[in-house]
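There are 2 protein chains.
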Amino acid sequence: KLMMSLQEVNPRVRGIRLSSQSGLHSLTENNTRDIIQGAPQSFKEQINISSGDPQRAGMKPISFVRQVLAVCLCPELLSDEHLPLDVRLRALRLLEACDGESVGSYTASSGLPHVRQTIAEFIMKRDEGVPAYAKNIFISSGAQRALMVIVKLLSGGEGRLQTGVLIPHPCPHGLLPLLDEAGVMAVPYRLIEEENWAVDLSELERALTTARGRCEPRAIYISNPGNPTGHLQDRESIEEVIEFVSTERLLLLVDEVYQDSVYAPNKEFISYKKVLFEMDEHLRDTVELVSFHSLSCACVAECGLRAGYMEAVNMDPGVMHFVDTMLCTDINAPVTGQLALDLMLSPPGPGDPSYNTFVHETLVTRATLAQNSQRALKLLNDLPGMSCRPAMGGIYLYPRLDLPAEIKEQANMLGLEAVVLYCQMLLEEEDLIVGAGDDGTSGSHYLRLCILVPPDTLEEVLSRLSSFHLRLSDRKLNRIV
Amino acid sequence: KLMMSLQEVNPRVRGIRLSSQSGLHSLTENNTRDIIQGAPQSFKEQINISSGDPQRAGMKPISFVRQVLAVCLCPELLSDEHLPLDVRLRALRLLEACDGESVGSYTASSGLPHVRQTIAEFIMKRDEGVPAYAKNIFISSGAQRALMVIVKLLSGGEGRLQTGVLIPHPCPHGLLPLLDEAGVMAVPYRLIEEENWAVDLSELERALTTARGRCEPRAIYISNPGNPTGHLQDRESIEEVIEFVSTERLLLLVDEVYQDSVYAPNKEFISYKKVLFEMDEHLRDTVELVSFHSLSCACVAECGLRAGYMEAVNMDPGVMHFVDTMLCTDINAPVTGQLALDLMLSPPGPGDPSYNTFVHETLVTRATLAQNSQRALKLLNDLPGMSCRPAMGGIYLYPRLDLPAEIKEQANMLGLEAVVLYCQMLLEEEDLIVGAGDDGTSGSHYLRLCILVPPDTLEEVLSRLSSFHLRLSDRKLNRIV
Ligand SMILES: Cc1ncc(COP(=O)(O)O)c(C=O)c1O
Ligand SMILES: Cc1ncc(COP(=O)(O)O)c(C=O)c1O
Chain Z
1 KLMMSLQEVN PRVRGIRLSS QSGLHSLTEN NTRDIIQGAP QSFKEQINIS SGDPQRAGMK
61 PISFVRQVLA VCLCPELLSD EHLPLDVRLR ALRLLEACDG ESVGSYTASS GLPHVRQTIA
121 EFIMKRDEGV PAYAKNIFIS SGAQRALMVI VKLLSGGEGR LQTGVLIPHP CPHGLLPLLD
181 EAGVMAVPYR LIEEENWAVD LSELERALTT ARGRCEPRAI YISNPGNPTG HLQDRESIEE
241 VIEFVSTERL LLLVDEVYQD SVYAPNKEFI SYKKVLFEMD EHLRDTVELV SFHSLSCACV
301 AECGLRAGYM EAVNMDPGVM HFVDTMLCTD INAPVTGQLA LDLMLSPPGP GDPSYNTFVH
361 ETLVTRATLA QNSQRALKLL NDLPGMSCRP AMGGIYLYPR LDLPAEIKEQ ANMLGLEAVV
421 LYCQMLLEEE DLIVGAGDDG TSGSHYLRLC ILVPPDTLEE VLSRLSSFHL RLSDRKLNRI
481 V
Chain C
1 KLMMSLQEVN PRVRGIRLSS QSGLHSLTEN NTRDIIQGAP QSFKEQINIS SGDPQRAGMK
61 PISFVRQVLA VCLCPELLSD EHLPLDVRLR ALRLLEACDG ESVGSYTASS GLPHVRQTIA
121 EFIMKRDEGV PAYAKNIFIS SGAQRALMVI VKLLSGGEGR LQTGVLIPHP CPHGLLPLLD
181 EAGVMAVPYR LIEEENWAVD LSELERALTT ARGRCEPRAI YISNPGNPTG HLQDRESIEE
241 VIEFVSTERL LLLVDEVYQD SVYAPNKEFI SYKKVLFEMD EHLRDTVELV SFHSLSCACV
301 AECGLRAGYM EAVNMDPGVM HFVDTMLCTD INAPVTGQLA LDLMLSPPGP GDPSYNTFVH
361 ETLVTRATLA QNSQRALKLL NDLPGMSCRP AMGGIYLYPR LDLPAEIKEQ ANMLGLEAVV
421 LYCQMLLEEE DLIVGAGDDG TSGSHYLRLC ILVPPDTLEE VLSRLSSFHL RLSDRKLNRI
481 V
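Taken in order, these protein sequences are the chains called Z and C. Using my numbering, the letters of the first sequence correspond one by one to residues 1 to 481. Using my numbering, the letters of the second sequence correspond one by one to residues 1 to 481.
The following block holds chain Z by itself, in its conformation from the complex:
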């Protein structure tokens, strides 16, 4: 008998439902292993657009961020005159903000005070003067981790007293495992596909009402701009949500990691915090809000460096103390990531030597995102049995898939979701990995596509997806005939 046997693993951990995506991932690894072990090498180069990982797909990093980090890691580069002067000066300032003037030292568990201050100033500027304070900002090893900290604070209770959190359906694919691990019940509210995936007040009310009695709903999670829907809430929609949480006494958790990537014409990101501060005093002073942001956002997209932050608004200082306590077990977010946050939120300004390059790189990313979205939308909607709502921001498209009955039967026999089978076949036949959408209770199926990739990669993706999809429809016909 093993000392630590499977049966004895913490039941809560055993209960974590990884997304259907992860099945696909292990398939990928097996595939790779086959290649290595001498299976036919005729595969195309694999492309993976299943998750938001722009640099994996070939998007370029922001030079200023990378150059400053290189100098911080290797201060002998401070005297390298090939590097722009503002890069070296900034590195010097950031090193001074680190203990021992080194990125190799631990920091306070909520992050470097200097970076927290930069974040506060960024927020205040973004929100046109709404005050923001460093003490309310907590840096963590990514937005996902920050969210986990809050969810763990909320978690507790058993049975009908178990904490519940309202979450959108569809939702970011890391969300359900996170709630499972924290021991919190997920209470889904449907986003309205017909309205391009808008948040709908009556749906929130319905979800809350059905949840009460089954659990103790204590918070609502919003993703805006939406992952994976690409929806952007307008001021009215945000106001509705704020009034709802105030009436229902819910903590408001807003994942705003794609705030830098609104690309629809005449649309603009407004933060929940700004809207809140322009509402009635009784709301402004009482609604408890936590907003999340991350290095893994669209334009900087430094997913691998692992840093993010949250800002708490109207939160009890005693509760914030426990936020800090929770962050203590992680010790601190990686210093390179913390410094990258500083660079992302306080980039070069006009006149700085790095300014033109920075502006150019950022513009290219934004333009790519907007064009890719247009281009993919058109092509997806031209395919039979595929339809996609236009997106306004974020880095995903979420097309609906009407699958042939045969695929569904075959999936059933294999014990797979139909859309997962579709994705596996796509992988095997075209070396293309896309995300399998949330399982539709309605019998409809969706794909999750990250569209922040270089334009020629997108062309290749669309061409592989179309050939496969059309072949699949033909095959169905063949067999029926």
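I should point out that these hints are in silico values taken from the structure, not numbers from a laboratory.
One copy or any two copies: either way a pair holds, since identical chains are not told apart in the list.
Derived DMTMM-like pairs (lysine to aspartate or glutamate); straight-line CA-CA distance at most 20 Å:
1. Lys60 to Asp99
2. Lys44 to Asp99
3. Lys267 to Glu128
Given chain Z, work out where chain C with the ligands should sit, using these hints.
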């Protein structure tokens, strides 16, 4: 009423007992704030040796590690001929190991396959041929985080069925909060001060016996070389522990983060794994062991980059699956940290351009550590009411302190532990932060001193500590007279 009030915070989170150290930390911050707000500036420069953070204290990083990371972050440096050729070639190889050839991409949640392979090869070489496999190695955001993952897997049960873990007393200061957060009961076994803090079999048996009935002891945690004791276990002691865990069916968790820093003459680090594989077959095939290592070790000491790993030996593959699941919620360890692990465990070899510098830097660190330990030991033992056991490895000394009765009374009145009051006075009077040791049930008190600091910093530390300590003894005399 707040939506998220203090009373409603998850009771388990509220129950996390931060070490007395953290009180000191907030004192430090207040102190700093005073300085900024224009309080008298006559303070000495603050020195903090309370935790293991060598670079904060002024120790230099390994140039090879930093140079390669700089190139990985900023690949334009690949053509910078000021950087050694092996640095640039290594960076190229590491970039090829990253998705999209960028440190900005996510990795698998257990880490980059290339780095896991490097780790396996390092272990095999260290253990003179005992096999090690990449699939049993999990990279995480530091050793602390890796330990948390395992402890969470073990955790569960209530009351007498609550999982218990045997831990040393004294222990690393992050350990108790970690167990609290995981909901696991700490079962202390005393290390034997008279034997220079050796692990004692009868103490393990006593601890286990008293624990049974109060909880369900399922694992034992060992720190070797010991934090904060500096003790190094020899082969016999390790064999005893292995036989104990085998008989008692405990999972063996060995924190070997200071394996690179054994400095006592004629002493050498032997890993638990190597000893296990040289024991009886029935032990070799059945004892479940997890060993932890970290970038935050003595010689590389890249605490801020946040990476570590664990190797699981004889662990059920089904259980390892859940290790991976748990790591998923962190997404992945920071890529810069992962690459630094690769560099630490596979440094330049003879003939490589960076070899001489690397060897020199490593030797300087080791020599500093050995000399500092000698020097501090002598001085501490010369102080009245202070006595310190010699250390063989690690980066701490743990002197015992006989405190004047007056201090104890005063601390009592203030509601503080006596040793915490001592540390606070030391901070206020000498701007020196040392760690307060685990509270002695026996009425004895201890300090935790990180000795991996530049030699002249150590001199300054010892001089401040001596003056304060002698003043304190005098003061006592004055008042008594
Ligand atoms: C909505 C959303 N939140 C959080 C994250 C994760 O952010 P991080 O990498 O900072 O943990 C993502 C990443 O894709 C995301 O889409
Ligand atoms: C015994 C021990 N384990 C773990 C750690 C933490 O390691 P990491 O920084 O990799 O989380 C330390 C750091 O001081 C330590 O002393």
